[in-house]
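A.B. asks: Quick mapping for you: the protein sequence lines, in order, are chains A and B.
Just so we're aligned, residue 1 is where the first sequence starts under our numbering, counting upward by one.
Just so we're aligned, residue 1 is where the second sequence starts under our numbering, counting upward by one.
In short, the hints are calculated from the structure, not lab data.
From a predicted model like this one, the values you see are computed outputs, not experimental measurements.
Reference listing, derived: stretches of chain B covered by chain A, where coverage requires no fewer than 3 residues with Cβ under 8 Å from a Cβ of chain A:
hint, region
1, 72 to 82
2, 86 to 96
3, 100 to 108
4, 138 to 149
Output of the computed footprint for chain B on chain A, the stretches with three or more beta carbons under 8 Å from beta carbons of chain B:
hint, region
5, 70 to 77
6, 92 to 103
7, 139 to 151
Just so it is clear, CB atoms sit at the ideal spot from N, CA and C, and this is done for glycine as well.
Protein chains: 2
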Amino acid sequence: MFTVYGMADSGNCYKVRLALEQLALPYRWVDVDPARGDTRSPEFLAMNSNGKVPTLELEDGSFLPESNAILHYLADSSRLLPAGRLERARVLQWMFFEQYSHEPYVAVARAILRYQPPDSPRRSELPRLLERGGRALAVMERHLESEPFFVDARYSIADIALYAYTHCAADGGFDLSAYPAVGAWLERVKAQPRHVPMAA
Amino acid sequence: MFTVYGMADSGNCYKVRLALEQLALPYRWVDVDPARGDTRSPEFLAMNSNGKVPTLELEDGSFLPESNAILHYLADSSRLLPAGRLERARVLQWMFFEQYSHEPYVAVARAILRYQPPDSPRRSELPRLLERGGRALAVMERHLESEPFFVDARYSIADIALYAYTHCAADGGFDLSAYPAVGAWLERVKAQPRHVPMAA
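Using the sequences and the hints, build the whole thing.
C.D. replies: In structure tokens, the structure reads:
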């Protein structure tokens with residue numbers, strides 16, 4: 001059985017839970033709270049020296065960090081990851097896009113509004129985060145105007161990776177009504193078999 | 001034949017060139033300068049709507065962006081990418097680490113020192129970039145204290161991805177002498193067959 005060390009309100013951790021649920025893989029969930037310092041403890045750093053959630057414990061007792069690497073591991077040889085060389089690279093294309101061009105803006109704006117006090121100096125980051133996150137949403141909108149899912153016209157871990165922080169982007173101040181193709185894709189993702197929402 | 005749309009001084013573009021050279025794959029290189037606005041032109045955005053280099057043109061005329069997705073595509077079924085499910089996920093673990101926890105600090109500090117004027121207000125970002133980039137180098141150091149390469153004791157695209165901006169981290173103000181295991185790994189990477197340096 002897998003063990004997920006994660007935080008329920010983190011999109012990166014939700015990705016892993018959604019994939020485990022959709023692949024019907026049994027797992028145990030251990031709550032880890034970075035704000036409480038849980039990810040900087042010697043015990044946690046021994047599992048993941050980068051001190052981040054999610055971290056997956058495999059059946060052999062070894063540990064795998066990085067949400068999108070975990071998705072790739074779980075989905076390998078399943079319907080959630082195409083087998084073709086180019087299709088796999090395209091799945092990774094969108095997953096690297098998510099971690100570099102989307103998450104650092106869309107997820108961070110949400111984290112500031114949800115976890116920082118109203119007078120936090122970090123609020124000054126919001127205009128830049130909204131501008132850069134809006135660019136990422138526009139790239140997604142353009143792609144989804146002519147495609148039902150991110151790769152090969154079928155649901156994959158690329159969709160799971162991008163769904164995690166896009167579906168709750170309004171928490172960070174993003175107006176999703178400006179991206180109708182993204183909105184329609186969110187509904188298609190939500191309609192997939194064995195979908196589970198982020199909140200526990 | 002592949003075509004790389006890239007910028008010679010970019011580590012992300014260098015990754016692709018190094019893999020093509022080491023796999024002995026023929027390619028054409030087209031210089032693209034983001035500072036000149038080349039990546040915001042309608043022609044470039046039609047190839048990659050995210051407006052970034054490198055972008056690879058495949059033999060069928062389609063385009064693949066994201067340096068690490070390109071590495072995965074090029075190295076698939078080669079000695080540079082292990083075949084096992086867990087080993088592949090570990091390669092991706094380090095490549096996602098590179099794009100999320102390393103490049104945004106190590107590469108950005110270098111870009112500010114190389115391309116911004118000495119009185120640029122962006123210099124105020126440097127202390128934070130050096131602190132966060134130093135954390136990434138410390139994670140690498142800890143791993144390399146007991147491993148010759150990032151995954152499975154052999155050279156792979158995980159090493160190529162991390163070498164690209166680590167070997168020139170001093171350009172961004174990082175002191176690599178503080179990371180001796182990283183320094184020894186840089187030498188092992190440089191000694192690989194068909195290695196080419198970043199500068200043209």
